[in-house]
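Going line by line, the protein sequences match chains Z and W.
Residue numbers for the first sequence follow this note's numbering, beginning at 1 and rising by one.
Residue numbers for the second sequence follow this note's numbering, beginning at 1 and rising by one.
It cannot be assumed that every hint is accurate.
Said to hold, decoys possible - FRET-style restraints, in silico, Cβ to Cβ:
1. Z/42 x W/407: 12 to 22 Å
2. W/177 x Z/61: 15 to 25 Å
3. W/119 x Z/90: 35 to 45 Å
4. W/330 x Z/90: 40 to 50 Å
Stated by the list, open to error - Derived pair list, reagent style DSS-like, types lysine-lysine, alpha-carbon separation capped at 27 Å:
5. Z/3 x W/369
6. W/328 x W/372
7. Z/3 x W/179
As the list claims (entries may be wrong) - Examples of chain W residues toward chain Z, derived with CB under 7 Å:
8. 194
9. 287
10. 389
No lab work stands behind these hints, which were simulated from the structure alone.
On a predicted model such as this, the values are computed, not experimentally measured, just so you know.
Glycine is no exception: its CB is placed at the ideal position from the N, C-alpha and C atoms.
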Amino acid sequence: MLKEITCIGCPIGCRISAVLENGEIQSISGYSCNVGKKYAQEELTAPKRMVTALMTVRGSRHPLPVKTSQPIDKSKIFDCLNEIAGHTVSLPVHIGDVVLPGVCGSNVNIVATKELL
Amino acid sequence: MRKVDLLIIGGGPAGLAAAVSAYEQGCRDILILEREDTLGGILRQCIHNGFGLHTFQQELTGPEYAQKYIDRVIDYQIPYQCNTMVIEITKEKQVTAVNRSNGLQHFQAKAIILAMGCRERPRGALAIPGWRCSGIYTAGTAQKFVNLEGIMPGARVVILGSGDIGLIMARRMTFMGAKVLACVELLPFSSGLKRNIVQCLDDYDIPLLLNHTVVDIAGRERLEGVTVAQVDPETKRPIAGTEQYYACDTLLLSVGLIPENELSRMAGIDLCADTGGPSVDENLQTSVSGVFSCGNVLHVHDLVDFVSEEAAKAGAKAWRYITDTLDKNLKSMPIISGFGVSGAVPQKIHVGNADQPVTLMFRPKNVYKNAKVCVTAGEKEIYRHSSRILTPGEMVSLKLTPEALRQISDAENLTVKVEAS
């Protein structure tokens, strides 16, 4: 299977193509530096993203901005968002507080990114 | 009239960093005036991550980045007034502000730092046809609704312009359950970062239509749809027969930022046509003595890290002005924006001042591959740097060393230019 991605390592944005078989890279081309090669290897085999979202706060008109403690599998982004949307927190909240541990059954936590007192 | 050493107008990233830096230099009589009800500025609504890689070597969200500076302002007990609107600045550094609890206030400052930020180019500036129906927002306004208030402006969205705010909002709206139909860009390239194109559009299969624009808006009370057409890359005129109709209830405009300089103009400060901000020297001092400028009110930055760095410099220099240790009456040399350079800042330097490196920033006018950035004084070249790519979406920041500047103390002017191959 041939896959194509754009490298985000720098503004050049090389188009990198790779042949994948059973999720393993057979051949890879189009990158112009090692940043691109490394990015493509990760992006094509196990793409991950940081997710930032809003969580409802009991007794507050304003929502709480939150983020994942580390990048999660790209395929789990919307599961993660749904779980955050179905959750509420109580005041007070501090930056870095874990407001939802182990999102989507993973070891990634959802942490607060704002002080709400 | 209340006397204050340093008055900072704006409590966003620029104002906060300027206050912290001035305090650390020794200034103890500072006042920050902020028109919103909390400090932090636009960072408060930028809940995505990617801030602070240069300053803190970690990826922070907007509120996290802002809090680091807010904490320092509070630790240092630097006074600030929120909900306070500055309505006038004079050449004599008298400032008039108004708020609910104090009414009208008059200040006499020894130095002022302008840190008012920028605003978004609105629909009226684009002359898009159609009724003034609801459903048309600037991307930043929509971001404020969604991220601060938790209110969704609509469900089917078209975005005009592909600046970073528009791209970030494409993902944000998708995350909140909306359908983003397309991101429409007039130019043959996006002015947004590659990373945002990939992670905000490509990830969610949102098409980026380059060389396209919105030519008509349907709907009287509420937006019903927009007509998008391809444009000729040379003339930027729509090509007949290429129109496509998108039924949507929301149009987000991400079409550029404009430094907010009404107060600067009122004080008689010289503005620069290229940047839309004040003309400044290497100390970030404007044409009015003792008034300094930094952040997006000076020129629109792409990274907040650069704003903090610039503001810290403004704070330190303002303190030197207050303590009368800033060199005055030196011969100044204009900096000319040459080929491929848009709005170089600072606009002039005092070469005799050169005991520290001078940071020069600008935006490339176009996409240049394998290009060189050069700074010359007459025949003499004092800076040259090769770059594999320059794009308007990424500011170029370069440092001129004191040694280089001393070589050219008799030159008429400095030119910064791009040599494209």
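A quick look at each hint next to the structure:
no., hint, in the structure
1, Z/42 x W/407: 12 to 22 Å, "46 Å, violated"
2, W/177 x Z/61: 15 to 25 Å, "20 Å, holds"
3, W/119 x Z/90: 35 to 45 Å, "36 Å, holds"
4, W/330 x Z/90: 40 to 50 Å, "59 Å, violated"
5, Z/3 x W/369, "26 Å, holds"
6, W/328 x W/372, "34 Å, violated"
7, Z/3 x W/179, "25 Å, holds"
8, 194, "4 Å, holds"
9, 287, "34 Å, violated"
10, 389, "5 Å, holds"
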